[in-house]
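Asks: As you go down the protein sequences, you meet chains A and B in turn.
Each residue of the first sequence is one higher than the one before, counting from 1 in the numbering used here.
Each residue of the second sequence is one higher than the one before, counting from 1 in the numbering used here.
Capping the alpha-carbon separation at 27 angstroms, the derived lysine-lysine pairs in BS3-like fashion look like this: (1) A:K686 to A:K676; (2) B:K81 to A:K634; (3) A:K675 to A:K650; (4) A:K675 to A:K686; (5) A:K666 to A:K687; (6) A:K198 to A:K180; (7) A:K676 to A:K627; (8) B:K16 to A:K484; (9) A:K627 to B:K16; (10) B:K16 to A:K634; (11) A:K627 to A:K686; (12) A:K666 to A:K686.
Simulated from the structure, these hints should not be mistaken for laboratory data.
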Amino acid sequence: MTPSRSAPPLPQSLVPEGRAESTDDPPRLATTSVAARYAQPISIGPVYRQPTYRFQSLRHGCYFLQWRPKDTWWYRFNGTMRVERHGAGTTASGDLYHHNAYIIQRWPSYRFVSNPDPSPSAGIPIFPRSGYRYYLRVTGILEWFTIGSGFTLRFERHRFDSSSNSWTNEGEFSAYMAFKPAPSGYPSGATYLEGDLKDPVGTDVGRISMGWVSPFLRKAVLEVDRVSQSEYPTDNGGGVDWEDVYEAVDWDVSVYESDTDLSEPSGEFWSDAEMHAAMLDRRDSSDLDNEWRYHLICVRRLDSTSRGIMYDAYGGDSNNIPREGASIASHWTIPDTSQWGTVAGERFGAAAAPYFRTAVHEIGHAMGLYHNTADTGFMNTTGTIAASAGTFPGNVQWAFNGADQRRLRHMPDPWVRPGMIPFGQSYGSTPVSPEDRLDLGEDLQLSVEPLLDSVPIGAPVRVRLTLTNHAEVPLRVPDSLSLKTEHVRGEVVDPSGTVRGFQSILRCIEEEEMSTLEAGESMTHDLTLLRGAQGALFPAPGAHTVRVSVTWELDGMPVRVAGKGSVMVEPARDQSHASAALKVLSAPDLLLTLALGGDHLDEGVEALKAAMDDDTLAPHYGVIEAKRVGRRFKDREADPAKALEIIDDKTVMSPSEVRRMTTIAKELPAKERKKKNRASGLRAMKKRAAGADALKGEVDGLL
Amino acid sequence: MDDREWTAEWVGPWAKVSEEGCTPPYPERLELMEEGVFDAPGGPEAGAYFHSGDYRVEEDPLRLVLQAANDAMVTHQVVEKTQELLVLSRDGCRVQYRRVGSD
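Go ahead and model the full structure; you've got the sequences and the hints to work with.
Replies: See the structure below:
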């Protein structure tokens with residue numbers, strides 16, 4: 001084919017009607033180039049131009065983020081949005097800090113003066129810790145590119161409570177972000193977008209803007225001070241240095257050696273308190289509101305451990321400003337055993353690779369990371385790696401584990417920056433933007449079906465999860481859809497748009513199994529939902545949406561399947577119902593009683609009794625009470641007879657609950673089961689098992 | 001007691017039965033391994049003080065030293081130690097583990 005410089009042919013639908021030379025001419029494709037058309041005599045019909053498409057995408061890096069609330073000039077929220085572009089798309093997260101638009105100037109006279117925003121030309125901005133307000137967990141963003149003028153940004157806004165270091169999800173906000181030319185002050189060619197921000201119920205709450213300021217996501221300084229006898233940990237002796245370590249996680253960290261003459265306060269061994277005091281005394285700067293500064297001390301020996309410690313935690317944090325400093329010991333002697341491979345018997349400071357690794361590990365703790373044994377990366381412990389397969393330190397992975405990389409990029413600022421959340425809080429207590437995962441929605445379908453379309457307020461909501469393989473081949477999936485596995489979690493959106501997450505309060509600590517789901521096959525699991533970490537999941541009358549996601553790894557690739565269902569919560573029917581509902585909705589222990597059974601949780605048992613005393617709620621709690629009394633607890637014997645007597649025609653039960661009740665009923669001799677009020681319970685169970693033939697048959701066998 | 005003798009007594013998975021006065025909490029499960037390292041699955045998710053790391057057993061008095069989340073080596077008094085039961089105490093915290101597989 002002869003190369004042509006003509007534009008691609010226009011689609012048939014774009015051939016203008018007036019172009020046909022004769023109405024008798026058959027319709028034809030426009031095959032002539034636009035240039036050729038322009039070259040024709042001007043007697044042709046209307047001139048039309050080839051549409052110009054501009055592909056727009058988000059640039060990887062840190063954006064200066066600003067939200068200007070509507071109806072106020074006095075303050076706004078400034079922060080950063082971290083946009084990570086990777087092979088699976090885009091992951092993003094943000095943080096917002098309160099910013100007063102004006103400050104009082106005291107001299108030469110009292111007056112309000114403008115309080116300027118950070119300059120975008122200065123790169124990644126740093127904000128005072130006291131102004132911290134929100135983490136933005138981005139749930140929708142431009143993944144690849146668009147030929148449109150923008151995209152819809154969606155994020156959950158999590159409000160930070162600095163008194164308890166906890167977070168509250170205030171629901172999903174959204175804004176249509178339009179690409180615009182960057183205002184002056186931004187780096188040349190910076191991506192810049194603006195949009196009107198809508199709260200969870202769609203109210204316009206102001207203007208949000210984001211402009212690219214750096215190819216890095218976060219910025220920090222690491223100062224290293226040492227005693228004269230200890231080495232400065234430069235690199236791993238094999239080409240990996242500090243810059244490599246932090247560039248790989250998109251942190252711009254300036255690492256430098258400062259003092260080299262720290263004096264030893266009490267010989268070669270240093271206590272945590274001595275190191276903390278040396279940090280306060282010798283560091284070059286301490287303004288954590290203007291820079292994220294971490295501090296590393298290299299000493300000969302440590303009191304509390306052999307190799308290294310992040311001493312600025314627990315009791316070692318004497319100034320209550322956590323995670324500022326860590327230390328490593330150069331004069332520990334590596335045991336002379338085969339486990340320690342090629343560095344066995346060496347002085348630690350002379351063994352460049354493990355010495356440098358420990359320095360990175362301790363600063364990892366200062367950045368809020370905990371131990372991670374998933375691989376031999378930086379946050380595994382030295383001893384565990386030495387005991388792993390391969391020869392130490394050749395078996396070290398010179399990178400952070402993927403989960404830790406994600407934490408460094410996307411955990412909220414207070415988690416990673418020094419001087420905010422203390423070390424030791426659970427990862428699970430903090431929101432983090434969801435990982436991009438391969439969505440298997442085409443091949444696997446997750447349905448979320450409530451057992452009842454509507455429930456009275458205060459009742460638990462029973463949902464059935466069904467995972468179906470629509471692919472033509474078998475697929476590896478989690479062995480169970482139980483909340484007790486790491487794979488399943490969900491959230492409920494109430495009528496006001498507030499989102500509350502749920503996951504199991506009991507975790508299965510055994511290694512989780514995978515199984516094969518054959519083509520066309522399904523697996524099911526029943527959930528009974530009542531409360532989550534943020535309180536009651538169904539706290540108000542109205543329509544609630546239950547969203548569930550299942551995530552796991554398939555051949556090393558993270559995958560996800562999600563589904564949702566709706567349930568209507570009815571208002572209180574009378575005073576008795578209102579009182580009982582209030583009791584169950586405000587009793588956190590009821591969830592534990594539901595999950596564990598037993599008699600030991602007074603508040604939970606009392607709330608369950610209140611529900612059973614109310615005609616409206618009793619049918620929804622009957623099987624929960626029946627399971628509790630039907631099982632032994634400490635000195636109290638199991639009472640399967642009483643359990644069966646609780647069940648009647650009105651009792652709401654999922655098939656899984658029928659199955660559990662069947663197990664309890666089997667404890668009773670056949671003759672005892674057949675007594676009138678117990679047989680009616682069994683008949684009610686049989687009715688609820690309709691559709692599950694094997695289960696129905698099993699109940700039938702007990703009658 | 002040489003290394004081999006004590007590893008046989010300590011090595012293996014232990015499940016937490018109870019704890020009193022322990023903040024942060026101890027991990028639900030503690031797996032002590034022959035190489036002198038331990039693993040406590042799920043520790044960071046639960047906010048536990050021990051996730052994984054080195055451990056050693058000291059005698060006279062009998063003590064178990066575990067590497068904490070910030071890498072400090074933390075010494076525990078061994079209140080009771082049988083083949084099936086391990087009771088540790090430290091600073092007003094008392095935690096009881098039972099060997100997994102024992103009844």
